[in-house]
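Asker: Here the protein sequences line up with chains Z and X, keeping their order.
When you read off a place in the first sequence, starting at 1, and then add 1086, the result is the number in this note's numbering.
When you read off a place in the second sequence, starting at 1, and then add 107, the result is the number in this note's numbering.
There could be a bad hint or two in this list.
Claimed, not checked - Just the calculated beta-carbon pair ranges, DEER-fashion:
#	chain 1	residue 1	chain 2	residue 2	range
1	X	K118	Z	G1267	16 to 22 angstroms
2	Z	P1247	X	H123	20 to 26 angstroms
3	Z	L1120	X	V162	55 to 61 angstroms
4	X	K407	Z	H1137	54 to 60 angstroms
5	Z	R1362	X	P158	50 to 56 angstroms
By construction, these hints were calculated from the structure, which means they are not laboratory data.
All figures in this text were calculated on a predicted structure; none of them were measured in a lab.
For every residue, glycine included, the Cβ atom is placed at its ideal position computed from N, Cα and C.
Spelled out from the first residue to the last, the chains are:
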Amino acid sequence: MILFLAAFSSIAITAGIIGILLYESLQFFKVVSLVDFLTDRKWTPLFADAHYGIMSLASGTLVTSIVALVLALPVGTIIAIYLSEYAPYRMREILKPLIELLGAIPTVIYGYFALLFVTPLLQFFLPHLSTFNMLSAGLVMGVMIIPYVSSLSEDAMRGVPMHIREASYAMGATRFQTALGAVMPSAFSGISSAYILAFSRAIGETMVVAIAAGMQPNFTIDPREPAATITAYIVQVSLGDLPHGTIGYQTIFAAGLMLFSMTFLFNLMGHFLKKRFRKVY
Amino acid sequence: MTAEIMKDIKKKIYEHKIYDRVFSLIGVILTFMVLMVLFVLLIDLMRNGVPRLSVSFFTSYPSRFANRAGILSAWVGTILVMTVTAIAAVPIGVAAGIYLEEYARKNWITNLIEINITNLAGVPSIIYGLMALGIFVYQLELGQSILTAGLTLSLLILPIVIVSTREALRTIPIGIREAAQAAGATKWQVVKDHLVPYSAGGVFTGIIIALSRAIGETAPLLTIGALTFIAFLPDSPFMGEFPYISFDWLLSPFTVMPIQMFNWVSRPQIDFHKNAAAAGCVLIFMSIGMNALAMYLRYKYRKKIQW
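Pulled out of the complex, with its shape left as it was, chain X reads as follows (with noise of 0.2 angstroms):
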């Protein structure tokens, strides 16, 4: 009886490792078919991309001609969006998470804050773009320009920033603070000459990754009415006269990369669709390339910091 009870038991215990083994394999073979996804739609893009990669796809304009037409306007109109929206989320979203994570009280704003950060965080992407094109498009008539863009994109990662800014933040030990403190240093010392040289690192970190999503957006910059075909540049900002500087560029109308490359996919010519894996290879070569430096950044930052 007690033979047989036993014999029972080994072949449960012998069926469970079983299903563990079986599932460790599942494990495996599901992650690295994911990453061959990854893997096939980078070389897949790469293909049908690359060929058409050369100096003047870089110099030229958009054309009707689909072997002509080029990215000049879309990687030029990027970078001056990009500028505008680091200028302008970068300080603030520093200057948030400082102020949620060092000075704000436990209180009920406090706490309204936090949840609506988070709540930021998951709102869609072209619900800001409606906004922008509520606000900034007609209530402040900035129209369809580079502000507008720049300034969008920068309230879509500020959450990103924030967030960034405080986890940073929360990585120095409270030591430092009170040592600092004690020492007689006043709040905002601590702030300027401490917390903000420590966090730096995890701070810049957060900021590019932000960037990176940034620069793939596309839906939100459709929805404030971006054009598709700009066959010009924005003024220059730099004049060989006074002031010398000049900002008449931001409220040039613009397109950016994804733009570009959503416009090219939507036609029905397949030389068209060559360009749009081009303009492709180029987008994905600078979110990836922003992404590696970050875990670049963070890694170096690790290793360095030892408290």
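With the rest of the complex left out, here is chain Z (with noise of 0.2 angstroms):
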């Protein structure tokens, strides 16, 4: 029975952050419409001619996780395909935990990284990119998730059969256009969940934008300007001194959920395409 109500624990922690994220939210839409909220363009809840619109957080979410993905993505499920079927069995035992590292580095010293030494290397490149900027913050972020996609790929098209992978190389097939033509179809909802877990993890990050991509709120999809994130947004009021009670308090509540709501439906749908991926065999 005790056993039973430490399980049923992890029910009161989703209904603990559901509940009181709802609760501030609520008192948040009191006061500013759920309309003005969603079209408005600008952010600005602290000052005197408040505004409250959530678009231009998100946009930055969007723009940094957009950035990082289209890093992770490729790279990673390149990766995830040499490991699984071309690196010999002991050089994968090798390498995969060391890739994992990547992921067990604490995101604050990937702000660091992005804000200290990717920034000034970009800017050698690009003279005009300011000292805050998505692109930096957005590329570090992209390295930081592919231990994420490859481990997550890789457990995908390991779990393909083998005869699979027989039937293909009997009939003449190279390594390249079996992983191609017939691991990767056969592991298709897997990865697939890998990339959604990935974007979701990308959207949810907030150290690295915290640090890297700069504090103020920008409806822009230009990469190369500073841009404030959801996430970013919620540590910067943290770090004043809100009371509690206000409407300031209740706006990181209203983002909270935003994001909550944002990366709860993406792992919903990792979580069924992995059930589904795990079924065909």
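Starting from the two chains in their separate frames, assemble the complex, guided by the hints.
Answerer: Next up, the structure:
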């Protein structure tokens, strides 16, 4: 019985998260209409002329995430194919943990790396790049997500039964043709679930963007510009000293609710895709 | 005619073999480039940070002057917060794992719990911070304390502990359970005398991985309002007189390593960046050290156990 309560505690956590986000957001939406929240192009909740347009934060989240995925998905997938279909057993046993080490580095260190190493490096090629920019934050976030993509996709590909590969090889296919034509389609749902989970990881990432992308809300799609993401905004407000119960305090819960719904949706999708993949074999 | 077709086919085979080689090469190059990034990151951090590492760096409080600042309050805070996290997360996580793997019947509640745990593992860490801010700090009035921080991180790593406990239990062959039950053991005796000891290695590995993740977490602790400038230590948990142990430290304000590092990174002065790098070195040493320990344990147990 005690054991059951322990297992049930996870439900309580989810309930707590959803409950507190909804409770504080409801207070927020009593003041600000949902339409303004979704359509206003400015986010200046702490100024006298307050605007509450989440889109200018969401655009920052979207741009940094897309930059990260443009790097992480192809590289992660190629590494996964290489490790699963090409690399000899011993090499894979060494390389996989090493790559996974990338995912074990604290995110605040990635933030340091993005701001003080990658940005100066990029400024060498793009002289007009500002100190805070979404490009370097996104790229570093991409590196951070690579082990996630490669590990999950590799697991999916290794789950494909050997006879499918053997059939392909028997037809005279090369390893590349086998990987592309036989293994990847069979592991499709596993790989796409890896992609979706990677995307959800990218939109929820906080420290890299808070350090390297700046804290100024900016409605733009140009990755060379600075812009705050939803997560960076929450950090910015937390660093200040907002009294409990004010509208400024409630904004971070509304922003959090937006973030939570996005990741929740993606995680559910990823989960069901993965389940489908398990059922096939 | 046939000779021409053969030639065509041979050319095609040749082309595909080239593609195969090229892809293999790209795979090797990308893998090593990613490892290069890891290497460059470590080198850059150490190049800037190691010169700042000294005894006084570990024994000084943060300061307005970069060269006098240190990480004393940060590493003490990290150890205290981790202690609370482990004490809260390990019993609940292991118990939940045992229940789901050994006791739970297949019904909709179990199903819901399972989907829920998968989902929790994917919730951004900052959301846990928001929840803790709303519930622990303001509803339960625990304040912005070590206790709040430890509990927040324990919720964050709970899914990891549960999943790794289940995986460790799953590797134990069903025959062990059947043999013990055939000898008259109750379900609880099977769990206590067989399953828990046999899975201890795997569970322990999972706990270390989970704690190594918690040690680097910054966002949720920033959200609950961890202070970045702490020039004192929490009350000591040990006292000279009765009752010898004090829990006042639980409610003390705190800072931790990653927050101290974040604070230094976000300052414009280059001297503080060097401090940040030094704190980063210590932090990365802690978290890679824990991961290496976990890898070693996993390797060792995998070798030792033969069913």
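Asker: At the C-beta level, are L1120/Z and V162/X separated by a distance inside 55 to 61 angstroms?
Answerer: Given a distance of about 57 angstroms, which is inside 55 to 61 angstroms, the answer is holds.
Asker: I want to verify a distance hint. Is the separation of the beta carbons of K407/X and H1137/Z within 54 to 60 angstroms?
Answerer: 58 angstroms, holds
Asker: Taking 50 to 56 angstroms as the hint, is the beta-carbon distance of R1362/Z and P158/X inside that range?
Answerer: Since the Cβ atoms of R1362/Z and P158/X sit about 54 angstroms apart, the hinted range of 50 to 56 angstroms holds.
Asker: Confirm or reject the claim that K118/X and G1267/Z have a C-beta distance inside 16 to 22 angstroms.
Answerer: Distance hint for K118/X, G1267/Z holds at roughly 20 angstroms.
Asker: Do the beta carbons of P1247/Z and H123/X sit within 20 to 26 angstroms of each other?
Answerer: Roughly 24 angstroms apart at Cβ, these two residues keep to the hinted range, so it holds.
Going down the numbered hints, you'll see the structure goes against none, and every one checks out.
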